[in-house]
Amino acid sequence: MNHEAARTQKPAFAHLIWWFLFAQGGVIAAMLIPVHVLVQGILGPLQIVPVVDRHYDTWIQILGNPIVKLYLLVLIALPFYLFAHRLRYFLVDLGVPAARTLPAQVIFYGGAVVVTVVTIWVLLTSAPISFG
Amino acid sequence: MSAEAQASATPRAYRPEMARGWWLRQRHYFLYMVREFTAVPMALWLLWFLVEIQRASNGPKGYYPHSSPGFVVFSVIVLGFALYHSYTFLSLAGVIIHIKGVPSRLIVLSQFALWLVASVVIAAALIGFAR
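Protein chains in written order, with this note's numbering: chain A, 1 to 132; chain B, 1 to 131.
It should be emphasised that the hints constitute simulated quantities derived from the structure, not laboratory data. Built from N, CA and C at the ideal position, the CB exists for glycine as well. Treat the hints loosely; a few may be bogus.
According to the in silico footprint, chain B covers these stretches of chain A (three or more CB under 8 Å from chain B) [as the list claims (entries may be wrong)]:
#, region
1, 9–21
2, 53–63
3, 67–79
4, 83–93
5, 101–111
6, 121–129
Cβ-to-Cβ under 10 Å is the rule here; a few derived chain B residues that face chain A [to be verified]:
#, residue
7, M18
8, R20
9, W22
10, R35
11, S68
Chain A on its own, in the form it takes in the complex (with noise of 0.2 Å):
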């Protein structure tokens, strides 16, 4: 593959977008995730702090604003492109030649887009926008 890459010397958009998309998901992981599942999923159930999705009112109030709709589409769907790098490595790594394949790479990046669009639908569905 690097060979036919190395003969036809075409600007790697594709691998830039990706890249890119792979870093930025790193990025906000590393940044954002640990806050969340230590609060939401450690001191919210054992009521140690109150926390916002607790109750539905507080939640859905939070949840229809623009802007938490599009924190959360990027805390959620930007890591999934991270994770699909990093799994279909693991695969190679853990002995298995087939996560090489264009087949294994759409299967895993192409999964990465279902998350977003999956979110974005569920993002706009699970409550009404509201500005207030």
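Assemble chain B onto chain A, guided by the hints.
Then chain B, alone, in the frame of chain A:
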């Protein structure tokens, strides 16, 4: 074309073979694989979070947040992997980002500071907007 030239024209792919369990042999290999694996628990947690967001469409009677002890245990495990991803990824910033005259340690430090600030702001929002 001679047979010899033809043989050299067909590319012979180099297929490196790794012994099964190679990553268990050295601590560094193992930690590398752990770092790659962090994607699995984080992905599962985010998808489960998406389910909770989706439940908001059930209305006030139908909505319930994740509360089971199993979910808390799961979150504790995910938090461990998530922190390991944060530590390894933000440490890499010193290798990725190069600014003239700025030592890489300072760049890494700024990434960790940013992480701390972001975490405090988000925690404050998640708790502050609660009832």
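* Hint numbers the structure violates, sorted upward? -> Of the numbered hints given earlier, those the structure breaks are 1, 5, listed in rising order.
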